[in-house]
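S.K.: Based on the provided sequences and hints, a complete structural model is requested.
For the record, the sequence lines run as chains A and B. Numbered according to my numbering, the first sequence spans residues 1 to 146. Numbered according to my numbering, the second sequence spans residues 1001 to 1518.
These are calculated hints, taken from the structure and not from any lab test. Predicted model, so just to flag it, every value in this text is computed and none were measured. Every clue listed holds true.
Distance condition first, Cα-Cα at most 25 Å in a straight line; then the derived PhoX-like pairs of lysine-lysine: (1) A:116 <-> B:1382; (2) B:1219 <-> A:3; (3) A:4 <-> B:1429.
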Amino acid sequence: MQKKDIGLGAVSIAFGAWIWYMAAALKKGADFWPKIVAGSIILLGLIILVMALMEVRSKGTEGTKKAKGNPQYLHVMAVIAVLIGYYVAFQYVGYTIPTFLLIFLSALILGYRNWKVMIPTSLIVSVGLYLIFTHLFGIRFPGAFF
Amino acid sequence: MMNHIMEGFGTLFTLWNIFILVAGTLVGLIIGALPGLTGNMAIALMVPVTFGMDATSGLTLLTAIYCSSIFGGSISAILLGIPGTISSFATTLDGYPMALKGQAGAALGNATISSVFGGLFSSVVLMSLTTVLAEFALTFGPAEYFAVAILGLSCIASIGGKSLTKGLLSGFLGLFIACIGMDPQLGIKRFTFGSVNLLGGITMVGALIGLFGVVSVLKSAEKAQKLAEKTSKMPDVGSTWIGWKMCLQLLPTWLRGSVIGTIVGIIPGAGTNVATFLAYDIEKKISKDPESFGEGNPKGVAAPESANNGVTGGSLVPLLALGVPGNATSALFLSALMLQGLATGPTLFTDHANVVYALFLAFFLANIIMAPLGLFLLRYMKTILSVPESLLGGIILAFCVTGVFSISSNPFDVLVLIIFGVVGYLFYKFDVPSAPLIVCLVLGTMAESNLRQALVSSGNSYSFMWTRPITAAVLLISVGSFFAPIITKMMKAMRKRRSNMITVDDMASSLEEEIEED
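M.R.: So this is what it looks like as structure tokens:
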């Protein structure tokens, strides 16, 4: 908990400083609001950092809050990777095939294993969404195929 | 006003709009009932769909989803003991014990009628109060609007969760994101990094869907193993009609819950959580039999259910009258209005009165439709609730990317969605609340541009903050609204230390933690 807050505080200070640096290069007037925001982020980061360090000093580095289960970060990263892959693929390949794969692979990563349900569901949803959005809402999707 | 109501009738009553009202209510009920999927997520997913509709149909769809998803949350709260939405935490306390005693049908019927009562009550308040407030706001200038924006921003102290510093940090990050794009006064580029896609700022809908939709799937991914093993046992529903005698007995509870819900809803930042637990707590305190609460007392279901649907109408009062969203849901409504090219605030009532009154009527009708539809759908809820979360994840992602892309047919918006999904997940891991970011992202430009305009008209003097009476009054209320939850928290902590009592907040946070664990 404290370790996380130390990291959060440090990143906030660095991020606030970066906003300030970028805002300083802006024309007078346009920098007014971003500088208020940057200053506040730095200040809040500083408060979070100092409070976390004080907590470490008084309680040690042991976590004070119980961990939220055993998070499977590999699964989280896999979903993000699938989304990024989808973002690249749907611009070149088209809508339906990447969307089918997005639904199918996500269900797979989330632990669903009933193939007889997964394949038809992925197919129906991807083709259904394509038909609804192209014919009902007049949306044109990018890519070579439909 | 009667003319406007008739105009609203004329705009709303088309076959297409009625179909949308029924379909929206159905979608909201199902999504609200599914644990892990929230009403906000359903609204966020549907915002891009409204882009392809006219303003009345789009807002009707969102209204129907909003009202019914709040009620839908109580279905899983009663049948599974897992609230489908945050607003159904309190319903679990008595609803689930009722289901375990074989009274699942009665508990569900009670929740349905209580929700309808609360929703109808708040619709009436929404219609009458918003009109008065909007008329008053017609005299507002930049100074007053700046103060109103600050009032909206002041709610981040109460929606910021357990840590005020983290809530504020989230809010200021939202204000920074709102800075991206063109400067509202000078028209020069800010933080665009040479990208043409950022000239118009961050696509709000992409950001909101990322924060609601993608984050919910990433949260499911981190407990993938648990999801695969999860099997839920559900009691049989049986008859859902509670009888006229019970209705009469619950009437005072419904009235109290509705009043509490509507008032709390109007206060920016207070939200459904506060309303439901407050209504439950008051009901328990005034009851002749307080020990029966938590054991399956029907009033323990009626009070929070009438309160959480009471919040729905109340929460839209400041948004429609002043253009200030007091919570994440009204921020989503604001983004839908912006997509339609409609400006919120008093001008909405003068320029698009038919749309506003159609929205009021849609609110009223959605609550009426909810009763028969809810009671009918409850019979099939066992089947709906057995759809595994692991299968739904991919479908949600498909809706997210398709919806976001459809707004401006720009693949960059999909990238915004993914980035905000990751940011939202990191927020979750670092215990930083995302609600303040959303409110500040929405209000940032309004606050900045009105402050700078006010400064220009007062010759760069800040004196307008205390010389203009409305501005000074609203700013004073903002200070109060910001510090009130902090002071209340401190007082509760002191009282708790003295008497070891369990507060409403404790109940809410302990339940929140239990659900996180689940």
